[in-house]
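Listed in order, the protein sequences are those of chains A and B. 585 is the number of the first residue of the first sequence in my numbering; add one for each residue after it. 585 is the number of the first residue of the second sequence in my numbering; add one for each residue after it.
The set of hints was computed from the structure by calculation and includes no laboratory data. None of these values were measured; they are calculated from a predicted model. Check each hint, because a few of them may be wrong.
If several chains are the same, the list does not tell them apart, and a pair holds so long as it fits within one copy or across any two.
[To be verified] Derived pair list, reagent style DSBU-like, types lysine-lysine, alpha-carbon separation capped at 30 Å:
(1) K612 / K639
(2) K896 / K767
(3) K642 / K789
(4) K767 / K878
(5) K767 / K789
(6) K789 / K639
(7) K681 / K896
(8) K642 / K767
(9) K878 / K612
(10) K762 / K659
(11) K762 / K642
Take a look at the letters that make up each chain.
There are 2 protein chains.
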Amino acid sequence: MAVYTDIDDTTLAAFLDAYDLGPPLAFKGIAEGVENSNFLLETPSGRYILTVFEKRAKREDLPFFMGMMGHLAAKDFPAPLPVPARDGNPLREIQGKPAVICTFLQGMSPRRPSLEQCRELGQALGRFHVALGDFRMRRPNDLSISAWPTLWAGRAAEADALSPGLASQVDGDMEFLKANWPKALPGGAIHADLFPDNTFFLDGKLSGVIDFYFACSDFLAYDLAVCLNAWCFERRGEFNLTKGRALIAGYETVRRLEPRERSALPILCRGAAMRFFLTRLVDLAATPKDALVKPHNPLDYAERLGFHRQAKSPEDYGA
Amino acid sequence: MAVYTDIDDTTLAAFLDAYDLGPPLAFKGIAEGVENSNFLLETPSGRYILTVFEKRAKREDLPFFMGMMGHLAAKDFPAPLPVPARDGNPLREIQGKPAVICTFLQGMSPRRPSLEQCRELGQALGRFHVALGDFRMRRPNDLSISAWPTLWAGRAAEADALSPGLASQVDGDMEFLKANWPKALPGGAIHADLFPDNTFFLDGKLSGVIDFYFACSDFLAYDLAVCLNAWCFERRGEFNLTKGRALIAGYETVRRLEPRERSALPILCRGAAMRFFLTRLVDLAATPKDALVKPHNPLDYAERLGFHRQAKSPEDYGA
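Looking at chain A on its own, in the form it has when it is part of the complex (with noise of 0.2 Å):
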């Protein structure tokens, strides 16, 4: 949530040069995104986000978001539109940074989503996982069970500081992971950071999926895991059950659940919140304790976790 490339006026309108889009009428710094810095940008031709990607992003990545955003709105899903310069390529480079220039998409954010609104995304992402379908390119998925050990490593004492008993739940939780999570299972493009803060509502209705700088190819029923993790609880570990069953209802009137996906989604549930869970307590320690920027709690995953620590079977989720 913040803006970490100055660009200044003489700069932007050398950049849009390359465009066909017109003069800027408009230039904002928006605080959103975590990772990059984005700004509302206005041309007589519309209104667009400019996203800078600052030094998390990793270039060779980029193409595989820019490809995955313009296969699905051309496939009228929701997401923004990377628009090409004028040689073609929506890639470009200012102040010596890779970005890009997107379409902008109106709707807010629900804070905390209704049950209609968990439904209605659950429908969303079907329709998103059908619309990747056919899309052909291919990227890791850098932040999953691989990932998990190199992350934890070390950080048994900041776990047991959040939490005493935390550390030893966690390595249990590894453990059982690493001996149970699935081999195969459908797999295609995925958000994988489906949170509701990615998403614009208006009127009820889904009206934008932003933020594709996680996406990457992965079992589709994670992403379900993502959702259920990130929409479907309430403070202090409660899963809302009713939201879980809508969530996946949602889903399930675009792609129905393959059995074994079904049967996979209490470990995939618990991996999902062991990557968030790690992530956010990595963020912690990396950040001053006075910064702008507040980091999320990981123990909101650490809760998550001890939820399904319990479960027995896909019906505690809703399925």
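Put chain B on the given structure of chain A with help from the hints.
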């Protein structure tokens, strides 16, 4: 350049219930303004900026700012118009803080103003003063000469750390300013912080003036002195006399300076530089080293003070 207040979709919807603007279609925190939080708001009736006043804003001052913006907009000066809620009052509260919705202004802020932009700005400042000629509210300038000794007290070592010998030069400036500050000049409502980043330009014309939260009642020519400091210096305290002439000439196409205002320009410029040097010195000391919002460098204004110390006459500024 930050968003200090977190406003979720439910809170915003409840806040907008008091207005006749319709439901929110988009809402984004923007990196504009250092003192307050600003959000871009879109509804079916148009685009707006929601400003939430943070702790440095004094509630009793807000009606002055609202009145001034409304007065200017009513005279077709391109200032944001505070939008009244259904009860007729543009000032409301959100999250327990005062807040106002203003109309959105298009345009780009110049980083390095051109000669033409300096002339245009001078003319706009003249129109600004004339438009406010019948504005009857008053607010003392709490960052004028009587405030400077307090801001300066105990900061000699900080100044010398920036530039050896600076403290004694500032002491000399303070004595000179105290002995020579004008007692009476044409006065009225002034902007008092009309820096390039508080202006918008479109097609070479000034399209907007924003950030009225230092506005106050003071000598009109002091406002001109602030602008000469903010618009007409190159790097390292080099005054661009051509830009100074253009700015003053632009101003005088709308409002002629009286002879006593012209004579006072050198000391007013020196005082204006002192004001920004001191507040930047204070802000620098108050900002943690690793803060995301980088404070302005006080040395820029120490260097301008160096120019003002040598200046002999209004001609040195282009008058």
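So which of those numbered hints doesn't the model satisfy?
-> Hints 3, 4, 5, 6, 7, 10 not satisfied by this model.
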